[in-house]
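Each chain, letter by letter, is given below.
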Amino acid sequence: MKYLPYILKHLRKNWIRTASTIAAMALCIFLIASLQTVLAAFYGTIDTAATDRLITRHRISLAEDLPMAYEARIGAIAGVKRTAKTNWFGGVMGSSGGQPDMRNFFANFAVDAEPYLAMYPEYGLTDADKQAFMQDMRGAIIGPALAEKYGWKIGSTFQLESIIPPYRADKPFEFVVRAIYSVDTQKYPNHARDMMLFHWKYLYEKTGQRAGVGTYSLQIANPSQAAAIAKAVDSTFENSDTQTKTETEAQFVASFLALVGDLGLILNAIGMAVAFTILLVTANTMSMAIRERRTEIAVLKTLGYPSALVLALVLGEALVIGLLGSGLGVLMASTLIGNLGSIPGLQGFGSVAMSAGLAAGMFAVGAAMGLISGLAPAVGAYRANITSMLRQV
Amino acid sequence: MAAVDVQSVRKIYKRDSQEIVVLDGLSLEVPEGEFVALMGPSGSGKTTLLNLIAGIDRPTSGKVIVSGTDLTTLSEGPLAKWRSRNIGFIFQFYNLIPVLTAVENVELPLLLTKLPRKQRRERAMTALKIVGLADRSHHYPRQLSGGQEQRVAIARAVVADPAVLVADEPTGDLDAKSAEEILNLLQTLNSDFKKTIVMVTHDPRAACRAHIERHLDKGVLMTTVERHDVAAPVGAR
Ligand SMILES: Nc1ncnc2c1ncn2[C@@H]1O[C@H](COP(=O)(O)OP(=O)(O)OP(=O)(O)O)[C@@H](O)[C@H]1O
Ligand SMILES: [Mg+2]
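The listed protein sequences derive, respectively, from chains E and A. Numbering-wise (this note's numbering), the first sequence opens with residue 1 and increments by one. Numbering-wise (this note's numbering), the second sequence opens with residue 1 and increments by one.
Heads up, some of the hints might be wrong.
[Said to hold, decoys possible] In silico DSSO-like cross-links for lysine-lysine, where the CA-CA straight-line distance does not exceed 30 Å:
#1 E:K2 / A:K63
#2 E:K2 / A:K118
#3 E:K13 / A:K218
#4 A:K114 / E:K9
For the record, the hints were derived by calculation from the structure and aren't laboratory data. Since we're looking at a predicted model, the values are computed, not measured.
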């Protein structure tokens, strides 16, 4: 610790060089931290997916519906506790004219309410809430984030129009808020707060009974049987016109996010490349800084400074750069992420935050990058021979 | 006992296949409390010899015993520790650390000790007082004249109270007046603080401040001039 002023004074002396190195490091950490946080938000959905839920969908395409008649046959398979029709509605507000306004985009599902809510405890609802919803054909359950954003209360009405052609009627769908769900953030930290659910029957009737079933949500009695049951379901319809694909909720989300996965790989590769570049820049800076101080290092050694201490002083300098850079980078990233929700089109990220673990990890990455960049000059200083360094001024 | 006892030391540099014999079986004894001037033509091995005495270089063969320790038996770590306690090194170009103030420069050797911060500062200030620069303690090297820088360097060399000081052309880069001040200071350190001093110099006026003058040529010690009627420090006259 008593050597800290020595380290800091050197950094301050060449403050332009120090500042630009710290800025480069900060930018790198900022980039990685932001990407990781966003990716973690995507993948978080997978981690918290329940293991006792399966989803049955059209074998070929998510856009194709399944026949209603399948429900009874799925329900009859041993081990299936409940089934619930679930359609992604794709409803958008104020889309008159066909151009959906993406700023008002939120997830909305037509669900078979009774079994659906029973298998999704993530939606925190009182019995009175549920009853009020069940009694209104046009009833809607909305998330707290939607209530806040649009100022909706129980009894508020709003209209949605689907972007999916078969789900479009002559007029937009009308909804009445009947319940606002809450989320137990301890139990379900990643459950979305901006979802909207409504009656599947409403969709069916309003589309002139043309709507099929987007997916079936299945609750099974024993999670360990998930694979066997999924197989049983799919083989039931193997020889029909419409074949199915049944997966656990986690697999379903994962396949839905497969694209995101590829994206994650690319983004991580970019992050690594940037980190490597910054590492080279920092290493170069450190080498320059130390090369300029050859005589000084020889003097310290002449005064009796052990080689290990000289090594530590050089590494200390690199470490300070690494820590300041990563601190700044983490600060910038968390500021950006904290304000992501207020950027048009990115409201979905409103509740995303950088985890403390990631922040700590980024500090570790910064520190490691600093140390690695300082390693070569530090070892050089460690090994340097006093007399030959004093000789070449 | 001699403060410095160099026994038949050889120092050979190998460059490619060529061998350069810099010191060829050289022996030198410096009694405790002496002030020795080493003279000789450029390339005669003066700096090499001084570095051996200071323990920052090793002989090819022979022994170097300083303040009772045979330096050739010490490995890197113990040798560094030994230097921090027993040797004060004064360079031709001062070699102060530019980002540190005068007092911080003087304090550097004390950082290696267990002394608390306050005492380190006090001792550094005392050393600066001895060289007459207490009022410049917070100046940076670039704000000092060459002579002042060298005085700060001398304060740094004596702050840990080593018994032996070595100086490599300490006045080589200074004007006559500053050189005079530095020589006065070295004489005072020798006479009042009982430091044994080995000083390399090209300047006969500097050499005549020492008790003993040794001439080195082609790695061999030649003449010896002993002076027991050394002029007192100029300031004390
Ligand atoms: N590391 C080294 N490798 C090869 N030769 C060296 C090395 N160090 C010193 N020498 C040679 O040793 C000889 C003596 O050098 P040294 O520096 O001791 O001389 P000096 O008497 O101090 O000279 P000057 O008065 O110019 O300072 C020179 O010929 C020099 O070239
Ligand atoms: Mg020399």
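Hint-by-hint comparison with the structure:
The hinted pair formed by K2 (chain E) and K63 (chain A) fails the criterion: a straight-line CA distance of about 37 Å is larger than 30 Å. Taken as a hint, the K2 (chain E) and K118 (chain A) pair is honoured in the structure, with Cα atoms around 12 Å apart against an allowance of 30 Å. This hinted pair does not check out: K13 (chain E) and K218 (chain A) have alpha carbons roughly 44 Å apart, beyond 30 Å. Note on K114 (chain A) and K9 (chain E): the hinted pairing holds, with a Cα-Cα distance of about 22 Å set against a maximum of 30 Å.
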